[in-house]
Amino acid sequence: MKAMKGKILLFFLIFTVVSAGCSKLFDIEPSQNVSEKTALSTEANVISVLTGAYSVFNNPEMYGGNILRNSELLAGNGEINWVNSETYYEPYQFFEKSIVTTNQEVLLQWMSSYRVINTVNNVLSAVQVVRESNRNWVEGEALFLRALVYFDLVRFFALPYEAGASNSQYGVPLILTPTRIIDSNIYVGRNTVEEVYNQVIEDLSSAVEKLPESNGIYASKGAANALLARVYLQKGDYYNARESANAVINSGRYSLMPVYPDIFNQNKPTSEDIFVAKITYPDEYNALTLSFSSSYYGGYGDIEILDGHLELYKAIDKRLDMFYTGDGAIRCGKWNNLYGCVNLIRLAEMYLIRAECNIRLGPPYTGSNPLDDYNATHTRAGLPAASSVTLDDIILERRLELAFEGHRIHDIKRLRQNVAAWPYNSPKLVFPVPAREIEINPALRSQQNPGY
Amino acid sequence: MNNTERSLIKKGSLLIIIFFWVFLSLPAQQKTISGRVFSAESNQPLAGARVQVKGTSEIKVTGPDGRYEIIVPEGEVLIFCYPKMVKKEQITGTSEFMDAMLETDYYGLEDTLLTGYSKQVRWKITGVVSEVKGEKLGNFPLSSFETALQGKVPSLFIEPVNGKVSSATLMRIRGTSSIFASSQPLIVVDGMPVSTETINFSGAPVNPLSTLDINDIESVEVLRDAASLAIYGSRGANGVVIVTRKKGYNGDTEINFTVQSGFSEASRRREFMNSAEYVSYLREAATNGDLMFDRYYGYPSGTIDFCRNDVETKLKTFSGWAAVLNGSGNFIRSQVSTDWQNLAFRKGKIYSADLSARGGNEKLRYYAGTSYSKQEGILISNGMEKISVRLNVENNISKLIQIGFSIGLNRAGIDQVSADNDYSSPMQLVALSPVTPPRDTNGELYSYPVTTYYNALIDTEEASKKITEYRSLANAFITLNLYRGIKWKNEIGFDLYNIKENARYGEKTMEGTGRSGYGFANYGQNQNILARSFAEYNNNAGAFNMKALLGTEYQYTTIETVYAEGERFPSDALKTLASAGLISGGSSTLTRYNFLSYFSGLDANYQGKYLLSLTGRVDGSSRFGRNNRYGFFPGLSVGWIATEENFLSGVSFLSFLKARAGYGITGNAGIGNYWHAGLYDVASYNEASGLVPGQVANPNLKWETVRQADFGIEYGFLNNRISGEINFYNKKSDGLLLNVQVPSTTGFQTQLQNRGKMENKGFEFIVSTVNFTGHLKWNTSLNLAANKNKVVSLGGQDIIDYGGDRYMNVVKPGYPLGSFYGAEYAGVDYKNGDALWYVNQQDANGNIVNQDKTTNSFQAVNFIILGSPHPSLTGSITNNLKYRNFELSFIFQGVTGNKIHLAGDQWMASNGVWYDNQLRSQLRSWKKTGDVTYVPQARLAWNNGNQSRSSRYLSDGSYLKLREIILSYEIPSEIINKINIRNLKIFIQGRNLLTFTRYEGWDPEVSADFMVNNIFSGFDFYSAPQPRSVVFGITMGL
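Read top to bottom, the protein sequences are chains V and F.
1 is the number of the first residue of the first sequence in the working numbering; add one for each residue after it.
10001 is the number of the first residue of the second sequence in the working numbering; add one for each residue after it.
The shape of chain F in the complex, shown without the other chains (with noise of 0.2 angstroms):
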């Protein structure tokens, strides 16, 4: 090439690149494109859609009348979204209108959703949310919140222990990862993790959480895989349930008021003897008992006759007034036959009112409530009256910072019943004889001897056992707006928790007598501050979206208690301490702990398709040992949106579909306050006080922990018409405490370890459909949930058995935490009414040898695994029907695959052996040779197969309940508009209404209140079945 050919070529490239760079930068055809946007579902335009240049930032909103109008490039795509309705992205052609039609958003995937300490988007989580809106949890007077979320939630397990109003709750999500230490839930309200310790001195367990009102709650969001729970750290273990409570809006003042009232009432009672019945059943008992005197003293047969001249004594002194003899004194029938289970029992009234106002502006919103409720219990003297009041204020007070603050005030004073194992508790009732009438011709009530027990009617006379429960639930923030989308929020909270217990038992009841009246005082108080700080960075521009968090948190708690006890009061009428002639007990107690925590968290997500999401926690606490001070809990979890993919684009069918996975470590520690420290316990000598050492240190103790492994799926069919998810998971406990055994020549018998595994599998499956959507709408949701919980290692302890003679709960390697642990009952001898067991004997390998061979002799009998406490299969299906002004909503719940102890059974189905009133089904007892039936032989004063830890007791816990429903009638806009009323409903729902369970006790939903905890569960002890019930209601609105 010559120069001047180089020079051609060299300015010709430079005119095409300047060509390029001109075309290129040459604004391409824009034009102005209008038209209106619609919802799909009712034809009605929308006013406020958003209408988005895609890429960039040019957004216009659509006026009343759902137009709109935007510049934009040809070719370019317009993007269209209202909140609730699917996103809708159309490619602009030539013309200049373009309307758009937006379906509703069934799924809720541009919900935002409290993932933790801050919210997020639906379709960008990454882990496994729930979400119970207000309205869905509902606003039926209940003791405790948490009621209402059963059934709401897949494997959130929700049962209140037994009947009574304020019954502890067991809470269990995704099944039991602890022995020893607690497995409930975090729960969090408002940001604060509240108190939830029981610190009343008697009877039943009071449940703090019934100090929370149910009408202040916005929503709940439950947490349940570990990449999610990470950001709690050693606190997340056990799931967290996330509280919101509701809050101001931007907007005209609404007022709200309901009114509720009903009744409920026991929804089962089981059948017990009558008089006649009492009174044959006992003497072929005694008949029966004499017989096998005489062939173990080896006496002809009908020598002794012991048991029937104690029987015909006890029916006479038994019956009291009522006792009809014969010439010569003798027993012949009472004249009564008392309905003690009834006696037990009353319809209890509930009452509602419920008054809250909101609104605001864009500076100032606020939101007040006040509401009252009174529920008499199902069991005589037991009830409950609520009141609380709510306030929240938030204030912008500039761009720069916003302000907001909180405070909920609670009192609720409870007519307190006794526990479940205590002789005053009204279920204990049922063991009193028919034949004995309540009252003797004075109008007293009859007592011991007359009674077979204690009457536990006396206590509801003659005692009074009142509890207050005050709580102060309090926090502020204050939010400063950094450039850049960092925002920053300062927070603090409180939550004073206060219990005042006053008991007095008068001379005539169990506890007073003897010493002339008996009375305590308990005062508690639960006082638990939080302070938190962190920062937020918000970038949701561009096709890389990011969220990132970094804050730390104290947490400091203290809990006083003080009680004295007194006896010899003058006079039953003289209720304080101060009459007491003796006070005879007193005491205090002071716990202190405190948690300070560091946290981190990432969420990014690539071109709305590629998830990702980082957490990081480090917690350190006062309750972990001097080596593991601190912890560190990671976790990670990823998302993919196939949907977003072009792949995927074809099938129209599939609206939605996600994938994600995640893995987390979080830690529990909900152990005691002082197990890791070197303790000595105070004791005494020649009246000095001293000291022994009662707990050797352990500096290695620390959190329990949890490693969760997830994979789930997202779906959504037509339009998300059909919309669910599919759950697995794996949880793997490590470190359980344990107490190891130590040699005795260290002073110590044991140790607190960590050293116990335990598993938790299963999976999860949610399936909403929105059936019709016309006149008459109707919606289905299904949750299912199953769970299998392993206890996988003891620290090379072969079983934990404190069960004794009477409970069956075991824990064993290889088995569910918990199972029951017996012998197998194997029916009746059919020659002489034996009860008989399997004798089981096992191998060395544990196998089961001779699987036929049956024992009369307890002693003789191997226990075996019989069953779980826990069920493998949970799940609700919710039906809700709208036509014109009348909706129908109503929830089925059931769970199967555990069973139940009848623990109490040993005393009402006891072939006989004592005075104890009995269950009807005892009356098909053995009688003669030939006779097959599975319950033995009535003998009084002989052990005949009323041993308690045997599967006779054991029951299918399997249950399907009629949970909620609920009928409304809205009166039509037109008539109350015209007395300026925004709205005005009348509704009736019911709880409970229906039950369909093969259980044989009273309520399969059950767990005895005297011995809550993760060992312990699935026995039923003369608890009491839950309420049926049934309000009626009206809610207004102005």
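Same shape as in the complex, but just chain V (with noise of 0.2 angstroms):
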């Protein structure tokens, strides 16, 4: 009887010692990747999200040339023409106005910018786990990326901003949180146009209270206020663009290039630049490159340059350098270099912006007249400094200066042009909601853009 009792018991221990710790016995940690609670439970891991949204927001589709060339092709009316209609048809349609539900482009763009809000919301949400000392920057650089991506998003898939008026229209869906589970709450339908603009706005301040005046190759105070210049300025509220563009300039961290074609195609920012989008070899390209370059830079020469866009420069201008003759036809060179920087907002663009909001707005002028200011660019430009200066001429200069650098269309819509036949709301001008988001999410269903 002793016997069994002793095997009995060694039974039993065999079985305790195996179903010991039992829970914890199928929590095994990947080792290719990183399970969601490891990658926010510690400060490093938690910046290395941080870091993954700066990836993700640099894909070609983004900022590392897209988003750019899009504005550009969307305001296309006989400066530039889009050459290959047969293999690379979704850029295409941009340039002919003429956009299917389906264009895989438009999906990319409106997916990886999601993918960048939702990692940042991330970040955002494990900010706790930051020391303090470094909580603010953390924080700020994840508001900036996410203001960012949300303001594009609302200036290409919905109708524009109307300065003065409630703007109800349709814009994008807002999140604000991380997603963890799918469930029925992902089924979330477009806010109001108005109300993007207020979350990109909120964002923006409190980065610009947050971020570090100066921060590498990441974005800084200076970026959050030139960011929101441009915000302020596509809305129409000139005082507040006034300040944001002032405080930029009055930093005094930031200079003009003495020579124009030295702020373009550099491995590295300038004293120029504000914020940039960093391409590194091998893995990285700089998508500028296939659309505006020649074969000879290693694009594919889909963009060419036509007169009616050179006829607008005086002959003198130094910009005009910026074109050349490749594979045949007129070339734009700012994105020769295929790693090169992808300049996102630079200092001329605050002087043009504070030029114009201050005659917009009269005397008393902040910051300096906008003589002064027009000035600045122009002269940098080789052109003999003016002794006055309009409204137009300062639209004028601020299109040869920014020329080919993503500005286009948002102007256009801003000062309420015409691109051909299409006025500066017309449904044409605007992306729609990609048809497979319609066809998932039952939110979106009667939310498509008009005309689509």
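Hints were generated in silico from the structure; no laboratory data involved.
There's no promise every hint is true.
Unchecked claim - Derived EDC-like pairs (lysine to aspartate or glutamate); straight-line CA-CA distance at most 20 angstroms:
{"no.": "1", "chain 1": "V", "residue 1": "LYS428", "chain 2": "V", "residue 2": "GLU96"}
{"no.": "2", "chain 1": "V", "residue 1": "LYS37", "chain 2": "F", "residue 2": "ASP10681"}
{"no.": "3", "chain 1": "F", "residue 1": "LYS10831", "chain 2": "F", "residue 2": "ASP10852"}
{"no.": "4", "chain 1": "F", "residue 1": "LYS10246", "chain 2": "F", "residue 2": "GLU10394"}
{"no.": "5", "chain 1": "V", "residue 1": "LYS268", "chain 2": "F", "residue 2": "GLU10687"}
{"no.": "6", "chain 1": "V", "residue 1": "LYS210", "chain 2": "V", "residue 2": "GLU243"}
All values reported here derive from a predicted model rather than from experimental measurement.
Since each chain comes alone in its own frame, lean on the hints to assemble the complex.
Here it is in structure tokens:
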């Protein structure tokens, strides 16, 4: 009997040893990926996730190039020509203003934008894990990226902001928390344009407070202020735009490059760059090179520059030096470096914003008078200093200075100009909500943009 | 009644009671009965036969002359048993003598089979279990043992995906049950579920099962009904193949030695154009191509000569030194007509040797074996060499304790070839032009641009791709025999698989060119450990017998790989990466998973007539989501042996009839290891590393579930000389993992959810007959299996189509998984040679309208389901004949109901669109108005019917093959006994000697190796045919 008892005990011993710690037994951490739990558990990891957000922001379909290209294509009207209509028809649809809801590049821009948003939402949800000394810039950079992406989402996928109106037209869904599970709450509809702009401004204002003046290649206080200036300008809020642009200029951190071409095709930011997308050889590449540059520079030569644009310049304007002949057509040389930084925000734009706002609002001027700001870029371009300036002069200066840097369609819309036969608020100048999203999300079913 | 009467009655009753009591307890008349027990078939006495008084434990055993003596009450029944003989019951009469003639049990009712964690006698089994004994498995030198199972078990579909050595094997039991998770059955070796993950870095996938030696196998059991599979819980849904390795035995030491030698070659070649045919066909295509350009641009016919000029230039280039030119330097013809297909194939030599010894006594039993085999593949530069050693020891330390230990060490060396879709795969040589000589005047192999594509022969001379696999499979156990028939077994299993891959590509190879050579080294290890403890209780006394089982097990697997690659070698002679000028890449991976299970089972039978089996298992695994960590899998089956009932005892020709039915729930845990987890991917920005959310968590993710119902009948006529089974089953798969689309606003595109449904229904039919038993013995066995697979639901999705332009397999509800979806070819327009397809426009209900409308524009065609890659009927017939010392055994095996996609024919029968060499069948191209042919007009640079997704490239996959044939002669014992040899046999055996099929490709047993999964199967892309092999051998026993 004793022997029997002993055997039974042994049996249960083995049993319990094997069953011990059952629930933890199955928590095997993956090794080629990081589990959700671990990714936000330490400061170092949270910062890694922030870096991850930058890596998606830097994708070719995003700020690694095509978001800037798409703006130029939508605005294309007699100044450029998109050559490849057969095998690369998605951008061609932007150029022709006949976009279909199944356009894959539209879908990609939407998908990647929300990927950045989800990543920064994860960072924002875990900032408590970060030490106080680092918390501000981590939060500030996350908010900056989110605002940048939502700003472009609402500029491309919604009807334009009407200054002074209530702007209740459909914007884009505002997602401000990370996705942890898939349940019925994921089916969100579109917020209004007003709501999106308000969120962007709220995020950027907060970022301005939190970001340091100097932050290497990453978003800085100046970048947040500069972007804020751009947002206010788009809204037609000239007062606030002027304030923000002024703050950037007065920080003294940035200065115009003396020679215009030196701004571009650099492998690192110049004194004029406020914020860039950094391209790292060999895994990444500057997508704008593929569209704008000739084969000599590794591009496909899809975009030709026409006389309609070149005629806008005065003959001695040094900015004409950016254009060259390649593969049998005129090309824009701002993006010839396949691994060069993408200049997203630079100081010249701040001068132009301040000048435009000052002249619209009239004296007393803030910061400087519009003539001096106008001359800053005008003389840099080798033109003689002007003695007086009108709003139209400043608008033209802006167009030439920032040509093919992703501003065109947004300027056309805020200035209520036309693109060929289409007015600034034509539905044809707005991306459709991708067909895939309409199909999968019942909340979006009845919310497609007009005309699609 | 007065008092006296009352007391009388009392006394009387008492007396009667006492009387009866005494009477009943009087021992009945006992007598001694003696006699002899004989075998009815051979008329020989049976020594060691058991004689038992029914209902008691009085048992006697017959002596060497078959004689027994037993004391038995008069009128009682005696039961006579002997292994492999039908049990016989005889009522004793007044005689003191009783002989018994026992019939041979052809059906094996008393055989013991392994039905999971324990053994069970065949007549008591209520599930569907088939056994293939080692002798039936054979000892043909094969890459991997499972190929020997072809045709031997109904509903077990085994197909090596192509004819390469160590090719992956497609295994399915009762159809495919999953879409994205594994459908391969669980392979258990000596109780250990062995790892089958493929971890080689490049080339064709290497099959890890090739490291299990066929000579080690004692028997294979295949479980396929849900009630039996339920005890394997979440790993049983795809069926289980249980392999038992050889052990020692209680008896004189036996030594066996076998040596075999032979060869194998491609079982079929296709007919390609020769030099002259190629030239004339290409010129025809060029002329027509130019005419097409003329028409397109609106020029008069004959204006454009771009194609014709290009062809003449290319013909000159392709012919290299063999070009014969005319005075103006133009190509006339080539001096050679190279048969490139021939250069891809070779006659491969086969050699194998196997030595084993076993023996023991009651206390200690052992088995030791070693074998060696070398197989040259039918493709050049492909081959395999295997060596294995195995030891099994069992020791009965006492009546209480028994221990055992087994270890098998295997090493396989493979000369690897590229995957089917690689330019460097030898089969792709058939695309090269016959006008090209293989070598230039210096004896160097020609390459691009003289050859139309890369010359794969260069890889055979300038590259080395060696893979070495090592496997150690060991287990140890201790069994305690506790009182009351309880056995408690504790075992531990260890399965360690290592792979070592070293490849070096010289400067002249496609991989090495432009970077001064390329090399890589890959090391992988798969370590799999199992611990199990279970108790078994057996009670066979009395009318109600039962067997009960209760246990637990834990399995943990770790898979690691490391690789590095380099380029810029100063010389081709430098082989290792240490000499690489640049280490261009490297990585390491780690994967782990585990399973924890509790299982129990109960088998009971009442009076040997009514059978019941219950099982239940609880499984937990790291693969399942947080909310579904554990699953419960029950099974129930019942059986009724009708022939034990009295009402059937008069029907003498019906010797056995059993009806059985079962139902069970099993799971398929062959899912990814981290599919349920929220995961971040690695990314980088500005040279800092980052993390991005990559996979959204699904805490509800769990195994896929299979609910299966079975019904079957086992029958035997004429003393089981005709016996067999008929089984019906219905398998419903549920909760199949599918990628469900989610809105992008979540930051993700998909989530893997358990959403899909699939169904497999079918039946199996087995009949075995003992035809002759005299001097000439002849047995036949036929098995047939039919299966109908249907995808029932994709969670709302209409179709899953990843085929692009090239492949046709899709997943569409209402059709079998992997059905071909494409255009229906309608032949050639006799007016102009255009390829035509049926438009097949469909109305809202999916019905075809305007059935006969055809078009020559592929864009205008609507795809329809064209067929299925899965056979609807499979079967085999085995015949075994013995005459004196000769034995002949052969198996014919076949399938029907399936189609195969000739995906490579898009290039080989492409209407001359490019410069690939074409099949000779293309000579029947349309040439002039009025020609009626299926081959469209040849047109260079213009598509004309070469679109891959069309029924033009679908072929009937039915076949009947002479799968195995063995002829042997046993040297008579009188001769060999003189030299103290126990037995000596010479034999000749062959595999795949004959193939009957309408399939147009190389071999209807095919599924291109670069994409083997549930959806993509049944397509041929330059896939090597199965080898046809013959070996001659000698077996000697001491």
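These are the hints, each one checked on the structure:
1. Taken as a hint, the LYS428(V) and GLU96(V) pair is honoured in the structure, with Cα atoms around 9 angstroms apart against an allowance of 20 angstroms.
2. With a C-alpha separation of about 13 angstroms, the suggested pairing of LYS37(V) with ASP10681(F) holds against the 20 angstroms cut-off.
3. For the hint linking LYS10831(F) to ASP10852(F), the alpha-carbon distance of about 17 angstroms falls within 20 angstroms, and the restraint holds.
4. Between LYS10246(F) and GLU10394(F) the alpha-carbon distance is near 12 angstroms, which keeps this suggested pair within the 20 angstroms criterion.
5. Restraint check: the Cα-Cα separation between LYS268(V) and GLU10687(F) comes to about 13 angstroms, which is no more than 20 angstroms; the hinted pair holds.
6. For the given pair, LYS210(V) sits about 18 angstroms from GLU243(V) by alpha-carbon distance, which is consistent with the 20 angstroms threshold.
Against the hints set out earlier in the document, no violation occurs for any number.
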